[in-house]
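Asks: Here is what each chain is made of, one letter per residue.
There are 2 protein chains.
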Amino acid sequence: MNKTRIVQILRHGQPDEAVLIQGWVRTTRALKGFAFVELNDGSALANLQVVINEDFPDYEALVKRLTIGSSVAVEGVLVASQGKGQRIEVNPSKIQVFGESDPETYPLQKKRHSFEFLRGLGHLRSRTNTLGAVFRVRNACSSAIHQFFQERGFLWVHTPLITASDCEGAGELFSVTTLDPKNPPKTPQGEIDYSQDFFGKPAYLTVSGQLEAEIMAMAFSDVYTFGPTFRAENSNTSRHLAEFWMVEPEMAFCDLQGNMDLAEAFLKHIFKTVLEQCPEDMEFFNQRIDQTVLATADNIINNQFERISYTEAIAFLEKADRKFEYPVEWGLDLQSEHERYLAEELFKKPVIVRDYPKGIKAFYMRLNDDNQTVAAMDVLAPKIGEIIGGSQREERLDILEQRIQDNQMPLEELWWYRDLRRYGTVPHAGFGLGFERVVQFMTGMGNIRDVIPFPRTPMNAEF
Amino acid sequence: MNKTRIVQILRHGQPDEAVLIQGWVRTTRALKGFAFVELNDGSALANLQVVINEDFPDYEALVKRLTIGSSVAVEGVLVASQGKGQRIEVNPSKIQVFGESDPETYPLQKKRHSFEFLRGLGHLRSRTNTLGAVFRVRNACSSAIHQFFQERGFLWVHTPLITASDCEGAGELFSVTTLDPKNPPKTPQGEIDYSQDFFGKPAYLTVSGQLEAEIMAMAFSDVYTFGPTFRAENSNTSRHLAEFWMVEPEMAFCDLQGNMDLAEAFLKHIFKTVLEQCPEDMEFFNQRIDQTVLATADNIINNQFERISYTEAIAFLEKADRKFEYPVEWGLDLQSEHERYLAEELFKKPVIVRDYPKGIKAFYMRLNDDNQTVAAMDVLAPKIGEIIGGSQREERLDILEQRIQDNQMPLEELWWYRDLRRYGTVPHAGFGLGFERVVQFMTGMGNIRDVIPFPRTPMNAEF
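Protein chains in written order, with numbering that gives the first Met the number 0: chain A, 0 to 462; chain B, 0 to 462.
Don't take every hint at face value.
Identical copies look the same in the list; a pair holds intra-copy or inter-copy alike.
Lysine-lysine pairs mimicking BS3-like chemistry, simulated, CA-CA at most 30 Å apart [said to hold, decoys possible]:
no. : residue 1 : residue 2
1   : Lys-2     : Lys-267
2   : Lys-347   : Lys-2
3   : Lys-382   : Lys-360
4   : Lys-63    : Lys-347
5   : Lys-110   : Lys-271
6   : Lys-185   : Lys-31
7   : Lys-185   : Lys-360
8   : Lys-271   : Lys-348
9   : Lys-318   : Lys-181
10  : Lys-93    : Lys-348
11  : Lys-347   : Lys-181
12  : Lys-200   : Lys-185
13  : Lys-110   : Lys-347
14  : Lys-200   : Lys-181
15  : Lys-360   : Lys-63
Calculated directly from the structure, the hints in this document are not laboratory data.
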């Protein structure tokens, strides 16, 4: 007999259906004449109730083994539930206990544990309601991302994790090496002799796949990355990870307008798909974690995003009837409080701000005709702030080279990036989305360490 | 007007349809009265032909700019082609050149370049027929992998790339550090003081996500990883990469039988899907790269895999009417020549060999009742050799701990892995598939460096 997933039974199971279910006991309550066992197999938030009659063979001994965390297989028949809280339940004919779980020592007790405590139990915390729901939503969101791009003919491209350049200059890097740290080879000048390292030069973990994605877009027109990226920033906050996943689409023959259109369609798609695929999990987050998550999702799905220029944004902020902590001035970057004001208070829906001053944006963003701004865009969402950052890329070789030099970057090292502009250059654009940030916002989880299975942060690489 | 992808036009375009296409020129031939321009946008192997009549405005100047590698947008109408080699072509009304490409210096000339030469042009090589086909197949295969598991209710789980343990013991590791290599902090004993490193201890790039995937399977029943893994092996061969992608499903309540069933269904699915989605690319590989790739795919899709034990395999090899370079003896690992003999010559179809001697397999594989073998399996395919390796995992705590100690591994460090057996342990199984190996076999490409966009190998981390 093949097993049936609990999510299928809860959604579609009918009385008299014979089933085999396999999962872990969440609770067992023995009342007069019956034991009620709540089983979970990770396919759904809700448990499936198994009602064991005291006539069941070896009833007493069996019920004693069905402790929290123990694993079982149950064969039986579905029956309409008489009790509250569930439509259907299982009348068992055979119960097999695979692995017991000593309730005295099992680290997950029935009481509510703090998320911080659970982080110390990275090997067990996915068995809790909240983390279970998070990782089902994470999977649904991942899957929606691939679906969105594949349906539109984008290729998933795998850009390298190990890189010999730091051309984005996006903060601190992890070194990747096979040199003996106690006794590294040295040059006659006393420097580390990287010619003897694995790659023959210093190597790092990547901070972005964008530049390589541009290479691929110049051959396949539309591509996206979805992979891990790294920051060696010593930031112990609820929104930073040293290792996290990024999504970076890159489109040839695309300008800022097309980029904004894609970003809006993309966000709507992933929120909509997750609501459709994980309705119980999303309802749970709305009830238990953050009462605004469904409203925020609804807001993103059902509103046309507002689109304003950075210059207009500054004007709105200057007129705002409130005091900001950080200064508002043309040429300064927008802070989180400014972004949230625009999305949450002023427009009450997602806002795309475009055309930022060139001084606060990366060298590869396309210079506008005003010579002061670049064709950058940030998507700001209510309760969330910046969720996507992107730009049209500078496709004109002479201007790109000037911008590289203005930014004190190594022209020589970027020879291949410049070649893309030398041979068949095209207008192109793309954006980046921090995947864990999105899952955090979607679920309302307060700490980003609780939306990735095994978070890497300063002083922590457990499991 | 929205652009139409060339693959759509080639497959479904009809005469009189108005189209906008955007792409790169592969060749331009000016004959008497006409210029024939072959355009490619990366969506298909074949080019779309644009026929420019000499009456076209600025004909002479325009054609001069349509050199190999230049980028253009063409508006026009589809017409049935009079020429050989294509069903349909474009009669242009408007042609815009975005980026020129100096034919004197453009590194990709029309002549055939060696793959080795092209590796030095990682930023341009995807514009060639072969590499273009490879990366379309790679994408289709990636997509088929996600589809296979998602349809079966598996969760995609992201296991960590940076890890503080080397419990698989699978060879040499890359260190990940933020310590200053020239002047690392030392303990009073003169050792490197890793308490001052980013993670507070030595950290490495992972060689496998399996152990963490087991954690997730114990909560969600069925999960899979699909992400990068690393080996710091100094192997300069056509089958080794320092950075490559792995697929690792892990199933709770699953034994070796279920594992073999899944592996067989999985391989059939990915080969079948790629043939359906990339028929022209696969035909191209069969014609130009390796005349056996279609037959091999067909063999995998349409045969029931043979299943034999290791002990039976040894008996077959001992009886074989040929001489092997490596010895055949119970207890020794099978070499590539043995594996290929079984799949290619003896059974002439994929073979799953199971139940290997415990001495040649990893500590986590389940000990069989004979106390000599473990519930391991390798899938061997004709022309390919080993394509999948997997096992049922040891779910019994006492036996696992004995195996850990027998392998001289740190019992203490694996506390969380042992906890999985202490609390609600279940029979479980999984396997691993090297993604680039599969793409290499699928396409017949001789060197694994040509099936990943930016290969990382000893002394090489370019682009």
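Asks: Each hint should be assessed against the structure and marked as holding or not.
Replies: Verification of the supplied hints:
In this assembly of identical chains, Lys-2 and Lys-267 lie within 30 Å of each other by CA distance solely across copies; the values are 23 Å between and 35 Å within a copy. Taking the shortest Cα distances, Lys-347 and Lys-2 never come within 30 Å of each other, neither inside one copy (47 Å) nor across copies (34 Å). Taking identical chains as interchangeable, the C-alpha atoms of Lys-382 and Lys-360 lie at most 30 Å apart only when both belong to the same chain, with a minimum of 24 Å there against 51 Å between chains. For the homomeric pair Lys-63 and Lys-347, neither the shortest alpha-carbon distance inside one copy (55 Å) nor that between copies (53 Å) is at most 30 Å.
For a Cα distance limit of 30 Å, the shortest separation of Lys-110 from Lys-271 qualifies neither inside one copy, at 33 Å, nor across copies, at 49 Å. Taking the shortest Cα distances, Lys-185 and Lys-31 never come within 30 Å of each other, neither inside one copy (78 Å) nor across copies (66 Å). Taking CA atoms no more than 30 Å apart as the test, Lys-185 paired with Lys-360 passes in neither setting, with 38 Å inside one copy and 39 Å between copies. Taking the closest pair of Cα atoms, Lys-271 and Lys-348 come within 30 Å of each other only inside a single copy of the chain (16 Å); across copies the shortest separation is 45 Å, beyond that limit.
For the identical chains of this complex, Lys-318 and Lys-181 are neighbours neither inside a copy (59 Å) nor across copies (53 Å), given an alpha-carbon limit of 30 Å. Taking CA atoms no more than 30 Å apart as the test, Lys-93 paired with Lys-348 passes in neither setting, with 54 Å inside one copy and 40 Å between copies. In this homomeric assembly, Lys-347 and Lys-181 never come within 30 Å of each other (Cα to Cα): the closest approach is 57 Å inside a single copy and 53 Å across copies. In this assembly of identical chains, Lys-200 and Lys-185 lie within 30 Å of each other by CA distance both inside one copy and across copies; the values are 13 Å within and 24 Å between.
In this assembly of identical chains, the alpha carbons of Lys-110 and Lys-347 never lie at most 30 Å apart, being 38 Å within a copy and 58 Å across copies at closest. Proximity of Lys-200 to Lys-181 under the C-alpha cut-off of 30 Å is found in both arrangements, the shortest distances being 18 Å within a copy and 15 Å between copies. For the homomeric pair Lys-360 and Lys-63, neither the shortest alpha-carbon distance inside one copy (63 Å) nor that between copies (38 Å) is at most 30 Å.
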